[in-house]
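Asker: So the protein lines, in turn, are chains A and B.
Numbered according to our numbering, the first sequence terminates at residue 289, and the numbering increases by one at each position without gaps.
Numbered according to our numbering, the second sequence terminates at residue 289, and the numbering increases by one at each position without gaps.
What the hints contain is simulated information worked out from the structure, not anything from laboratory work.
If you're wondering where the values come from, they're calculated on a predicted model, not measured in any experiment.
C-beta atoms are modelled at their ideal positions from N, C-alpha and C, and glycine is treated no differently.
Only true hints are included.
On the chain A side, residues computed to face chain B include the following (Cβ under 10 Å): (1) Ala131; (2) Pro154; (3) Ala201.
There are 2 protein chains.
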Amino acid sequence: MTELALLGTGLMGAPMARNLLRAGHAVTVWNRSSGKARALEGDGAVVAEDPAVAVAGKPVVISMLSDGPASAAVQDTVREAFAEGAIWVEMGSIKPSEARDHADALARRGIGYVDAPVSGGTKGAEGATLAIMAGGDADAFAAVRDVLAAMGNPVHVGPVGAGQLAKLANQAIVACTIGAVAEAMLLLERGGANPAAVRAALKGGFADSTILQQHGARMTEGDFVPGGLTKFQIKDLDNVLEEARAHALTLPAVEAVNDRFKHLRDAMDGGDLDHSALFLELKERNGLT
Amino acid sequence: MTELALLGTGLMGAPMARNLLRAGHAVTVWNRSSGKARALEGDGAVVAEDPAVAVAGKPVVISMLSDGPASAAVQDTVREAFAEGAIWVEMGSIKPSEARDHADALARRGIGYVDAPVSGGTKGAEGATLAIMAGGDADAFAAVRDVLAAMGNPVHVGPVGAGQLAKLANQAIVACTIGAVAEAMLLLERGGANPAAVRAALKGGFADSTILQQHGARMTEGDFVPGGLTKFQIKDLDNVLEEARAHALTLPAVEAVNDRFKHLRDAMDGGDLDHSALFLELKERNGLT
Numbered sequence: 001m002t003e004l005a006l007l008g009t010g011l012m013g014a015p016m017a018r019n020l021l022r023a024g025h026a027v028t029v030w031n032r033s034s035g036k037a038r039a040l041e042g043d044g045a046v047v048a049e050d051p052a053v054a055v056a057g058k059p060v061v062i063s064m065l066s067d068g069p070a071s072a073a074v075q076d077t078v079r080e081a082f083a084e085g086a087i088w089v090e091m092g093s094i095k096p097s098e099a100r101d102h103a104d105a106l107a108r109r110g111i112g113y114v115d116a117p118v119s120g121g122t123k124g125a126e127g128a129t130l131a132i133m134a135g136g137d138a139d140a141f142a143a144v145r146d147v148l149a150a151m152g153n154p155v156h157v158g159p160v161g162a163g164q165l166a167k168l169a170n171q172a173i174v175a176c177t178i179g180a181v182a183e184a185m186l187l188l189e190r191g192g193a194n195p196a197a198v199r200a201a202l203k204g205g206f207a208d209s210t211i212l213q214q215h216g217a218r219m220t221e222g223d224f225v226p227g228g229l230t231k232f233q234i235k236d237l238d239n240v241l242e243e244a245r246a247h248a249l250t251l252p253a254v255e256a257v258n259d260r261f262k263h264l265r266d267a268m269d270g271g272d273l274d275h276s277a278l279f280l281e282l283k284e285r286n287g288l289t
Numbered sequence: 001m002t003e004l005a006l007l008g009t010g011l012m013g014a015p016m017a018r019n020l021l022r023a024g025h026a027v028t029v030w031n032r033s034s035g036k037a038r039a040l041e042g043d044g045a046v047v048a049e050d051p052a053v054a055v056a057g058k059p060v061v062i063s064m065l066s067d068g069p070a071s072a073a074v075q076d077t078v079r080e081a082f083a084e085g086a087i088w089v090e091m092g093s094i095k096p097s098e099a100r101d102h103a104d105a106l107a108r109r110g111i112g113y114v115d116a117p118v119s120g121g122t123k124g125a126e127g128a129t130l131a132i133m134a135g136g137d138a139d140a141f142a143a144v145r146d147v148l149a150a151m152g153n154p155v156h157v158g159p160v161g162a163g164q165l166a167k168l169a170n171q172a173i174v175a176c177t178i179g180a181v182a183e184a185m186l187l188l189e190r191g192g193a194n195p196a197a198v199r200a201a202l203k204g205g206f207a208d209s210t211i212l213q214q215h216g217a218r219m220t221e222g223d224f225v226p227g228g229l230t231k232f233q234i235k236d237l238d239n240v241l242e243e244a245r246a247h248a249l250t251l252p253a254v255e256a257v258n259d260r261f262k263h264l265r266d267a268m269d270g271g272d273l274d275h276s277a278l279f280l281e282l283k284e285r286n287g288l289t
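Just chain A, same shape as in the assembly (with noise of 0.2 Å):
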C-alpha cells in the first residue's frame, strides 16, 4: 500500500484513481475542477482543493495533466509541498524532452521522476488494461511498478523520456497504419469486393490489426464521429516529427500521412472528425467526393 497523489482527475485520472483505490493504495486526488475530484469520495478518496495539499507529505505524486505546460505548471506551484525523496510519475502524453526537462528541474530538488504515458484508453483505464511505457531509471521505476500495476502493464522501456518517445512510436504506427488500411478499403470497394468479408478473412493474419478491424470498418461505414481525433493525431505526429528532427532522423511515411491529415484538417474542414477520416482525403484525392 502507497500513499499517493493523483493530480487530474479526468476521463482517464478519474478510472486509474477507482483501480488505485481497489489495489488498496491511499490516494489524494486534485482536480483542476473540484466537482470531478469530489465524484470519487464514494470510491475512498480523499480530495485536496489545493495541488499542494494534496502533494504534501507522499512519496509518489501521478500527474494525469493535459500537456506538458500544464504538468510544468503544477510541479512549480506544489515545489515545496513535495516529501523528500518523492517520486512524479508523469502519466499524461507530454513530449519527451519536456519529460526530460520536467526530470532535471525536479532532480535538482530531490525528486525522482518516471514518465509513464499510456495507450489504451478510457476502456483500458477502466479495466485496468493501460499499456503502460515507463520511461526512468531502473531503482526509480522499481519504486513505482506496483502502483503502476494496479492500472494496466507496466514494461521499463528506457531512460527518461523513453515511455514518451513511446507513446510518439505508437502513434506513428498507428496514424501510418490508418493510410494503409484506407487504401486497401479503397482498393477493394473499387475492385467490387466485399470489404468487410475481407477484413473478416484477413483476421489473424499478416495484415490484421485493430487499425484494420475498427477503423477499417469505419471507413466502408462512412462513420467517422470520434474516437481519435483528427487534430490530436496531427499534434502527435508534430510531435513525432520534432523529436525525429532532434535525432536529425527523416521519417518520410510518417512526414507524408502528417501532411495528408493537415489538408484533411484544414482544406477539408476534419479536424473534428475521427481519425480514420483520412479515407476520406484519399477518396477526395481520387476524385471520389
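Got chain A sorted already, so can you dock chain B onto it with the hints?
Answerer: Frame of chain A; chain B shown alone:
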C-alpha cells in the same frame, strides 16, 4: 468426400494435399517435376504423370501453380479432359485480371471458377489454418467450401477476382506497415529507448501487429534472412498498383513504399533480403549506414 485433382505440389501444395487427404477427400496430384507429387503417395494420393489424366472426371480441380501464365498454360493443356460442370479453384496468387480472364475462358467450356488465394505461409498450409480469400459466384463457392475448409478458413469476399484483390490488399497493408514499423524502430533506437521493451509494451494495443512483433524484431536485431523476399514484395506491389490503375486509383502510400523497396533492391542489392530490410533503406536515407 469429393474427388479432386490438385495441380502443383510444391512448398504450399504438398501440405494442402495432405490436409485434403486427412479430411477424407480422394486426391489425385500432378506436379511438373513428378518426384514432389510421388512423395504424397504414402499419404494416400493418386499420382498422375499428366495434368489431363489428373483432371479427367474430377468435379473439383485445385491449382497451386506458380503464377497466372503457368495456370493458363495448364488450363489449355487439360481443356479436353475436364468433367462436365467441373470447377477450377485457383489457389495460387495471380493477378485479379488474370483470374477474370481465366474464368471467362473456362466458362465458355462450361467450367466453373473460384479464385481462392491464401495467406499464412507454409505454417498455415501445414496446420490447415490458411486464410482463404475466395472470389466467385455464390453457387460455385458453396460447391467448394467444404473442400477449402479442409485447408483453412475460407471466406467468400466477392465475385471472380475478389479473392486475388483481397490478397493484394493484404500485401499492400503488410508493405506499408513494414514502412511504419521501420520508422518507429529507428526513432526508438536513436532516441535511446529499448525497442524490444517497447514492442512488448505495445502488445495488444492499437499499434500492435504481427509486423510490429516479428518484423520489428528483425529490424532491431539486423536479421534480414528471408522470410518474405523483397523482390516478391515488389512484384505484389506492382500488381497492386496495376490493379489500382485499372480502377483509376492513386494509392500514395503504396506507391511511395514500393519506390523505396525498389531502391533497396536495385541500388542496395537487397532483392533477396527479407522485406523487413526496408529498415536498411531508411537508415541509408538517414546517413546511418
